[in-house]
Amino acid sequence: MAAITAKRSTVQATRISWFSGMGMIVRRELRDTFRDWRMITPIVLLTLFFPVLMTWTAGVAQTFVDRFGTPLIAERLIPFLMLIVGFFPMSFSLVIALEAFVGERERKSLEPLLSTPLTDGQLYVGKMIASLVPALMAAFLGIGVYLTGLFVFRGYLPPPILLIQVLALTTMEGVVMVSGAVVVSTHATSVRAANLLASFIIIPMALLVQVEAILLFQAIYDAMWGIVLVLIVVALILIRMGVQLFNREELLGREIDSINLRGVFRRAGQYFVAVEPGEARTHFNPIGLYRYHVPAMLRRTKNAILTIMVALVVASVVAWVWGSQFSLPPGTLNFSNLNSDSFNNVTVGLLPSFSWPAVWWNNIRAVLLYFVTGLFSFGSIAVVLIIVPIAPAAFVAGLIGNTGFNPIVFLAAFILPHGIFELPAVIIGAAAALRLGAALLQRSSTLSVGEGWWLALVDFVKLLIFVVIPLLLIAAIFEVHVTPRIVCAVYGCGG
Amino acid sequence: MPQVDDVMIEAERLSKTFGNFVAVRDVSLRVKAGGVLALLGPNGAGKTTTVRMLSGILVPTSGRARIAGLDVVKDSAAIRSRVGVLSELPGLYLRSTAREYLDFFGSVYGLSKADRQARITELMTRFEMSEVLDRRLSEFSKGMKQKLALIRTMLHDPEVLLLDEPTSAMDPQSARLVHDTLLQLRDQRRGIILCTHNLVEAEMMADHIAIIRRGQIVAEGSPAELKAQLLGKPLMEVRFTQPLNGTLHALHERLEVESHGETWMRYWSSDPVSDNPRLLHWLSEQKVDVVTLSEVPRSLEEVYLRVVEQPIGQGS
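Protein sequences, first through last, are from chains L and Y. Just so you know, the numbering used here puts 432 at position 432 of the first sequence, and the rest follows in order with no gaps. Just so you know, the numbering used here puts 211 at position 211 of the second sequence, and the rest follows in order with no gaps.
Chain L on its own, in the form it takes in the complex:
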């Protein structure tokens, strides 16, 4: 192919900087928002009228409770009203964001924008800032009007730290709502559909305001920083999801939001019988499964496996070091007292009896718990849950080492025989759950976010059926029938 030798354009286009491009989006969006009376009227009302009403309410409340000698209630009500005065206009950021993202898509004006040299990041950040700015301005102005009223008519000024807390909470609530709106927008092609989905943002935020109200009435102000921190984490997760979802491929690849269950299940079925997504049914037989399917799934899960292993190693080392700070009084630990009944009497917690079916089912249940909790926590709780039983074992090993026993021998006798099978099984199970939970936060070059999530789900199910459950079965049999014999052989069972 011949090279393009000259630019024919009569117009000299220059490369615009990232911030300049993003700023263009912000300015355009803001101009549009400030021209829409449906946006501006409620914002103005909530900025000017509502804070005045709240100032009056605070005054009335204070006068009322003063008659009963309970000024504390009014003192606690004032900061709560400040929070509400900020939250109401802030909730408009959600409406503006839905309009900015899905509204543009509905009006088909998004495609010309996607055809420009602007990057996905510039569009995403520009629209986010443009959604936040009017609501944030209204919220801060509203709080200002409210506080001015309180100062003028009641002589009240909030402690600076409380004011900072409320401003931080208001800002972060806006960021969470806007970043949530982007995620919602990518799953909807109409403002109507987006508004329906927005309940998933509004309801938790309304509940959060109630929690904040309780904390403010109880004057547990420090906990408010905890909420700010949680909101920051949630916002970061949602922004990460938004960045993954707000891209040309996802936006233009998803033009229908009707449910196609048959298509979804057909795709899941294809993933189940294929080694790689997009392939036809290949090697779906007992030998092929372990020779091709399982290695491919483990390759796809390798980052999650690595994460789980790093978390386990770090937690175990910390627990070991911590355990080795303590020692048991002499004679407390006497392994020579162990006998075969010592193991049969292990019926603590969720384990009804020390039989291999009970142990097997208990461990399967743990992996299923990773799955369920991982779905709602982007996989993070799966990481915590796998640490929970393993870190204490490391703690005990450290403790035993400091008590005069060899911790390596302890671990080799008590854990290793069945742990060889159980540990890989739970690590794989937790990693698959982590990958599934985190699938919404990442997008591969070949699969959409939705496709990636379905592949992660199918991989979890396949790994559970063909790897985790069989390994846990072997582990349970070893734990019940082999481990006790090794413990007895090492430490000598007196009874």
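The hints are simulated quantities; they were obtained by calculation from the structure and are not laboratory data. Where is the CB? At the ideal position from N, CA and C, for every residue including glycine. Treat each hint with caution, since some may be false.
Straight-line Cα separation of at most 25 Å, PhoX-like style, residue types lysine-lysine; simulated pairs [stated by the list, open to error]:
| # | chain 1 | residue 1 | chain 2 | residue 2 |
| --- | --- | --- | --- | --- |
| 1 | Y | Lys145 | Y | Lys113 |
| 2 | Y | Lys142 | L | Lys108 |
| 3 | L | Lys462 | L | Lys302 |
| 4 | Y | Lys32 | Y | Lys227 |
| 5 | Y | Lys74 | Y | Lys32 |
| 6 | L | Lys108 | Y | Lys145 |
Beyond 10 Å from chain Y on every Cβ pair, some chain L residues (computed) [to be verified]:
| # | residue |
| --- | --- |
| 7 | Leu48 |
| 8 | Leu163 |
| 9 | Ala311 |
| 10 | Ile420 |
| 11 | Val482 |
Coverage of chain L stretches by chain Y, computed from C-beta distances (three or more under 8 Å per stretch; other residues unrestricted) [stated by the list, open to error]:
| # | region |
| --- | --- |
| 12 | 30-38 |
| 13 | 116-126 |
Here the structure of chain L is known, so what remains is to put chain Y in place on it, guided by the hints.
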């Protein structure tokens, strides 16, 4: 200036899959500088997806494409700055004025303020829209919106234009303006792909036509080639001053006569360049006066309908 054989748009076995749905399958096409390719096909055939891949908006599932020498995957941002894309619906910001709207897109494409102003004035004047420059877009008619979208597409003077139904909502006069502008751009050696359902427009504007169906190109070539491929040899019509009488039998022996009347005859000719002069010479010898000799017009519509109605796998 680019070389004569510059390829502006080149796609090789381009495919795009959404989940299980294959939107585009193995599409290959090539448009040289100064070339216009009309991409025809029924709704949902894959035209828009093809255009989106060529404009660096969607990533192809397989295959490769280059626009003005740039790879659509690796250089997608650079491609988007050098391509003008007109989507099927104008998709304007209705609260903006035409000036604000164009100024925003001009700045996004990196044009200086002076360039933006000059281009906006030039293009709005060319499309007879200069009087509505400061009017809100919500007040625009459908055709005006489409013209404005086309102006936006041309604002940065792109080397390649990918146009989806550029005149569908326009009155004949506006459509003529657009056609003239596109022909002018073609003469300035831009590469143009035109997706249209207007077959007259396609035949008038395009030097190459590709018919896409269920994601695959099922027929392609110049309008004349496609007609020859799908409708057979050209059909010629000759009209005489007087009834043929005795000469008709002789003509049947010399030509592949399709039909005839008292003073006219139609015949198939695979090589009109040599057949027609020979016939005229013979008729002159027979003292038969000829009024006209011309090819019977065959529309692109016939070609298109034949292609889209035949079962898949029986392409030309």
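Going down the list of hints, with the structure as the test:
1. Restraint check for Lys145(Y) and Lys113(Y): the C-alpha separation of about 23 Å stays at or below 25 Å, so the hint holds.
2. For the given pair, Lys142(Y) sits about 14 Å from Lys108(L) by alpha-carbon distance, which is consistent with the 25 Å threshold.
3. For the given pair, Lys462(L) sits about 15 Å from Lys302(L) by alpha-carbon distance, which is consistent with the 25 Å threshold.
4. Of the supplied pair hints, the one linking Lys32(Y) and Lys227(Y) holds, its CA atoms being roughly 22 Å apart against a limit of 25 Å.
5. For a cut-off of 25 Å, the pair hint linking Lys74(Y) to Lys32(Y) stands: about 21 Å separates their Cα positions.
6. Distance restraint check for Lys108(L) and Lys145(Y): the Cα-Cα separation of roughly 13 Å lies within the 25 Å cut-off, and the hinted pair is therefore satisfied.
7. Against chain Y, the non-interface label of Leu48(L) holds: every CB pair exceeds 10 Å, the least being about 24 Å.
8. Listed as a non-interface residue, Leu163(L) keeps its Cβ farther than 10 Å from every Cβ of chain Y; the least gap is roughly 36 Å.
9. Residue placement check: Ala311(L) keeps its beta carbon more than 10 Å from all beta carbons of chain Y (closest about 34 Å).
10. Even its closest Cβ contact with chain Y, about 41 Å, leaves Ile420(L) beyond 10 Å, as expected for a residue assigned away from the interface.
11. The Cβ of Val482(L) sits about 48 Å from the closest Cβ of chain Y, beyond the 10 Å cut-off, so the non-interface label holds.
12. Closer than 8 Å: that is the beta-carbon criterion, and the region 30-38 of chain L has 4 residues meeting it against chain Y, so the requirement of 3 holds.
13. Using a Cβ-Cβ cut-off of 8 Å, 4 residues of the region 116-126 of chain L lie near chain Y, which meets the minimum of three, so the contact claim holds.
Hint compliance for this structure: every hint is met.
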